[in-house]
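Given these sequences and hints, build the entire structure.
The listed protein sequences derive, respectively, from chains H and B.
Under our numbering, the first residue of the first sequence is numbered 1, with each subsequent residue one higher.
Under our numbering, the first residue of the second sequence is numbered 1001, with each subsequent residue one higher.
Calculated from the structure, these hints are not laboratory results.
This one's a predicted model, so the numbers in the text were calculated from it and none came from an experiment.
Just to be clear, a hint being listed does not mean it is correct.
To be verified - Lysine to any residue pairs mimicking SDA-like chemistry, simulated, CA-CA at most 25 angstroms apart:
#1 LYS1260(B) x ASP178(H)
#2 LYS1840(B) x GLN1750(B)
#3 LYS1645(B) x SER1686(B)
#4 LYS1260(B) x GLN1448(B)
#5 LYS1645(B) x ASP1678(B)
#6 LYS1260(B) x GLY99(H)
#7 LYS1260(B) x THR120(H)
#8 LYS1260(B) x PRO117(H)
#9 LYS1260(B) x ALA118(H)
#10 LYS1645(B) x GLY1958(B)
#11 LYS1108(B) x GLY1026(B)
#12 LYS1843(B) x TYR1656(B)
#13 LYS1747(B) x ARG1648(B)
#14 LYS1260(B) x GLU133(H)
#15 LYS1260(B) x ALA144(H)
#16 LYS1209(B) x GLY1011(B)
#17 LYS1260(B) x ARG186(H)
#18 LYS1260(B) x GLY32(H)
#19 LYS1108(B) x ALA1090(B)
#20 LYS1209(B) x LEU1422(B)
#21 LYS1260(B) x ASP138(H)
#22 LYS1209(B) x LYS1260(B)
#23 LYS1260(B) x THR41(H)
#24 LYS1260(B) x ALA124(H)
#25 LYS1260(B) x ALA134(H)
#26 LYS1747(B) x HIS1817(B)
#27 LYS1260(B) x ASP121(H)
#28 LYS1260(B) x MET135(H)
#29 LYS1260(B) x GLY30(H)
#30 LYS1645(B) x ARG1962(B)
#31 LYS1260(B) x SER145(H)
#32 LYS1139(B) x TYR1124(B)
#33 LYS1645(B) x LEU1856(B)
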Amino acid sequence: MPISIPKASASVSEQVEFASPLAGAGEASGGGWRLSDESATSKLLVYESFEPDGEAEWHLGVGFGAATTAGDGSLVCGVRPGEWLLLGGSPPSAPDMSGVVTVDMTHGLGMFRLAGPAATDVLAAVCSIDTTEAMFPDGAVCGASVARVACTLVRNDVAGERSYLILSQRSSGRYLFDAVRDAGVR
Amino acid sequence: MSPQRLPARPGEVIDRDRALAFTWNGRAVSGLAGDTIASALAAGGCRVFSRSMKYHRPRGILTADYWDPNTLLQVGEEPNVRAGHRLLEAGMAVSAQNAWPSVRWDAKVLTNLGGRALSAGFYYKTFMRPRWLWPAYEKVLARFAPGGVIDAGSAPRRHDKRYAHPDVVVAGGGPAGLAAAVAAARAGAGVLLVEHEHALGGHLRWGTKHERSIAAALADAAQVAGVEILTDATVTGRWEDNWLAIVERGGAGGPERLIKARAKVLVVAAGLIERPYVFAGNDRPGVMLSQGARRLLNLWAVRPGSRAVVWSANTAGDAAAADLEAAGVAVEHVDARAGCTVAAAQGRRGGLEQVVLSDGTRLEADLLVTAAGWTAPTSLLNMAGVRPRYDPAAARFFPAEPDVPEAGTVLSTGGISGDGSLDELVGHGEATGRLAAARAATLAHRLQVATAWAAPVDGREPPEAPDERTPLGRDPHPELYRSSTDGIVDLSEDVSSRDLRHGAAEGFDSVELVKRWTTATMGSAQGKLETVNTVAVLADATDSTISEVGTTTWRPPFAPVTLGALAGRMFEPVRISSLHDLHVAAGMTPIQAGQWIRPEHYGDPAAEVRNVRTNVGIIDVSPLGKLDIQGPDAADLLSLLYVNKWRRLAAGAVRYGVMCAEDGVILDDGVTGRLGEDHYLMSTTSSGSGAMEVWIQNWLQTEHPDWRVRVTPVTDAYTSINVAGPRSRTLLERLVDDVDLGPEAFKYMQVRRGTVAGVAGCVMWRIGFTGELSYELHVPAGFGPHVWQALLAAGADLGVAPFGLEAQRIMRLEKGHFIVGQDTDALTKAPTAGLERLIKLDKPDFCGRPELQWALDGEPGAEDPEALPRLVAVQPTDPAYVPPEACQIVVAGSDGNERIIGRITSSRFSPTLERSICLAQVEAAHAAPEGTLTIVGTDGRRRSALIIAHHAHFDPEGERLRV
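Below is the structure:
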């Protein structure tokens, strides 16, 4: 995500690169699973309107515990009752409603994708959530402890392949990535 | 060919083409692939495998399975390996335990000579007095401790862990368990089948050709039905809502893997465990249970003896006799059902030579096979609240009718539930499997309805499934527990029937008491073989019935679990800032603060202090807690949380605040800046950030859900950098375009939003913990490394350098800023820290207000506010002496004795002042400025110190930070 530096007098770089919390880790894979860094994806937290009339949910098209792809391509995830996380889309788009608070969490959350036919087995080594098809289908969203880190877990299959997005606070991202990779390697 | 290895037998599990070399007590021997360690040794003619725990009596194979108490061996570095179960591997170094100099000739057998004196309770009675001699006792007794040898230098093994959520877990892969698993899977349930042995089939594996074919067919059906099968694994514990601990041995997860499974329904199909009979010499090598003999014969083609007496009370014993005869062993078949029992097994040198029957008959034999009855391993059912109930006609315990609602999700089938033909057992298993699947479907429906993220369910809840099982019968069986002679009841712990009788006579007449007094059932077999015999002997001793005595409580674990498996994967989360790699490159010395890894310093903290005081330094303060607060009622929330006022905080201003708990004790502190009309950014202490978020959400969600305010933790969203020092403004002016940094335009305790080094959306606070002109930059974290490097590059000519936590702590102490949790404690109320002026009792309400008002107004019963401890700044008289933190401060009392009046809370040597500086908490009466204190050092020496008027040792007027 390069941006230009307006002040040339300072002896600084002319480009600003987004530094991923997983810098240096990047990609990993094993038998039937892959990890890929998606931290640079924009992430916008949207709260329900102060007037709890359900308008935000109506606009966003999804409630707590589920995710859907919006018209602009962003993934709208109902992370808690009355709270959504909009992943992707550039720039982040929020519903135009009064009383709706939004917070840009792009920099605050690390995010990586665990994908592949063995992804569920890898996850089962570090997370106690029931990921059976009935209990955690494609599009499911929940809060979970992954390797003892509080995370948001999103089932987001790609082209029919099992895939999970794992979001954590940025500072835990590298530890978490390593922990999941280690679970896969073992 | 090994001397006891028989020609190929149908059903054997050994691979005769794969010989495995290993050592036994240092001697080279060999076995075959598929052998257990014990079967390989037995095939080689080994009769004595171990020595008993207390009396060092020779012991041989009893059960030839996991529960065999006599075949615990040392394998390489690993002690207490269950050789009756562990499969042989090439190169194993196997040795006997608990014997010296050898298992054949064990000098410790001398303890057996004093056996009559070494009755139960001997240790308790003998080694209590004199107490001062206990260390000597301990050293001697340790030499007699049983078990193998632990090599403290061996490499740690990695253990894995896994979570599972099957619909149905079936514990036991015998015919009924297999049938249940297949039926449940065919009914649509996700099934996990857990089998204790290395292969499925239960007792059918060492049975007839027909029985083996049934086992194979059921195992194939389980595969086809999609059952997940774990062999060499045990459901070892069951807790509420079928939270199951399954230990999987030697699989892909390492030496042992713990599987934490949440099953909707648990089917217990644990089968039956054969029970030994108690008589004189019943622990002699050559005395074997019928199942042990059949396993040796039919699984590993090992002849357990050449001349056998088979004493049988049931068809299993009869089958053992038939198998032995078919293998060429001379068999004397004694029918226990006719009333004859075994009185003694006799022999020399750890061997069996003669069997004495109750009618006086003496039979020559080197093998005595007993088939005295069964124990139902009801542990998992007991853990679900189902009590065992004794049936004297069948001579065993059965699960009683469940009397707890939760038991509806725990079903039993197979031998544990009753007797029947193979068809009847399989039929019962199938019906149980269907019932389990139906109940699991109902629970799954409820779970899906109740779980926001689950797949939506169509239709109504499935109707409650009827229990269509035909109850299994109960075969009559004679009650055979102890002969007319005494023998060993618990072979693991060397507890005899005589010990149990003596225990009862000494008053330990309940099974729970006598268990603890004698340690019966507390050894490696954990009651599987000896519980019912213990109960029966006690019933006899107390003139009670077995039903009246009842059983001991069976608790998890059903099978032993290594500590490594319980620990599993080691998760130790750490947090790092976006600047971590730059700190490492700069040579930081790290320090762990909570989960955060932070730079303590970069080589010389004193030099870092001096650079900040003279030039400019930058410090990574990203762990500082940060909360984004938005909404029309945000000011109300701040007023509730802080002890001071917030409603008139202007946009663009920053204010310091202190939070107290309901009891007036300081909880946290920090600054909050007003970014916009209804938008604030709050900072908390680094260590308190998580707790403060919970604290605030608790107030919002429970007390003021009507308030229109949103609180979002954004600690990680920003890389926070404090730029401190007299040249900080000059440095920032080179990187900031859109904010006027002039002293009038951007004053102390103000906030601005702008662009730093090309990064928009930065929040800048003009505050500082160091006492210098400083700016705290909160930069979108993904651009943090860029801004940090830009600061270093742009300020090279200004002497900019990073400084660490230690330098910051020195400078904050020079300025007298306290740290919550270090200079305050769980009793420190706001006035203690000198914050009286901050507390605004004239505002309507805030957390801690009633308590603080009570204290400050001197209400009846309240502690005198003047008597509260005070936080004071202290300078030791010796400027070079830095008292360690937590040193006591004392005063001489009127009686001549010293009294503790406080403690040093923070102390450092100040590079700026070139002297030691401290903060301390002392009683109010001794806290007056210019007062003298006495500090007790860790060396016991008393040193004097002076209280100074202001908390700040340096620049008390704050002139440097307001420029």
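| Within a Cα-Cα threshold of 25 angstroms, do LYS1260(B) and GLY30(H) meet the stated pairing? | Distance of about 24 angstroms is within 25 angstroms: holds.
| Would the pair LYS1260(B) and ALA134(H) pass a check requiring their Cα atoms to be no farther apart than 25 angstroms? | holds (19 angstroms)
| Is it true that the CA of LYS1260(B) sits at most 25 angstroms from the CA of ALA144(H)? | holds (16 angstroms)
| task | Assess, step by step, whether the Cα of LYS1260(B) is no farther than 25 angstroms from the Cα of ASP178(H), and give holds or violated. | result | Holds, at about 22 angstroms.
| Are the Cα positions of LYS1260(B) and GLN1448(B) separated by 25 angstroms at most? | holds (21 angstroms)
| request: Quickly compare the C-alpha distance for LYS1260(B) and THR41(H) to 25 angstroms and report which way the hint goes. | output: violated (34 angstroms)
| query | Between LYS1645(B) and ASP1678(B), does the CA-CA distance stay at or below 25 angstroms? | reply | Between LYS1645(B) and ASP1678(B) the Cα gap is close to 16 angstroms, so the pair holds against 25 angstroms.
| field | 25 angstroms limit on alpha-carbon distance, applied to hinted pair LYS1645(B) and LEU1856(B) | value | holds (18 angstroms)
| query | Would the pair LYS1260(B) and ALA124(H) pass a check requiring their Cα atoms to be no farther apart than 25 angstroms? | reply | holds (10 angstroms)
| request: Quickly compare the C-alpha distance for LYS1843(B) and TYR1656(B) to 25 angstroms and report which way the hint goes. | output: Distance of about 17 angstroms is within 25 angstroms: holds.
| task | Would you mind confirming whether the straight-line C-alpha gap from LYS1260(B) to GLY99(H) stays at or under 25 angstroms? | result | Violated. LYS1260(B) to GLY99(H) sits at ~44 angstroms, over the 25 angstroms cutoff.
| Proposed proximity, LEU1422(B) with LYS1209(B) (alpha carbon, max 25 angstroms) | holds (13 angstroms)
Hint check: violations occur at hints 6, 19, 22, 23; the rest are consistent with the structure.
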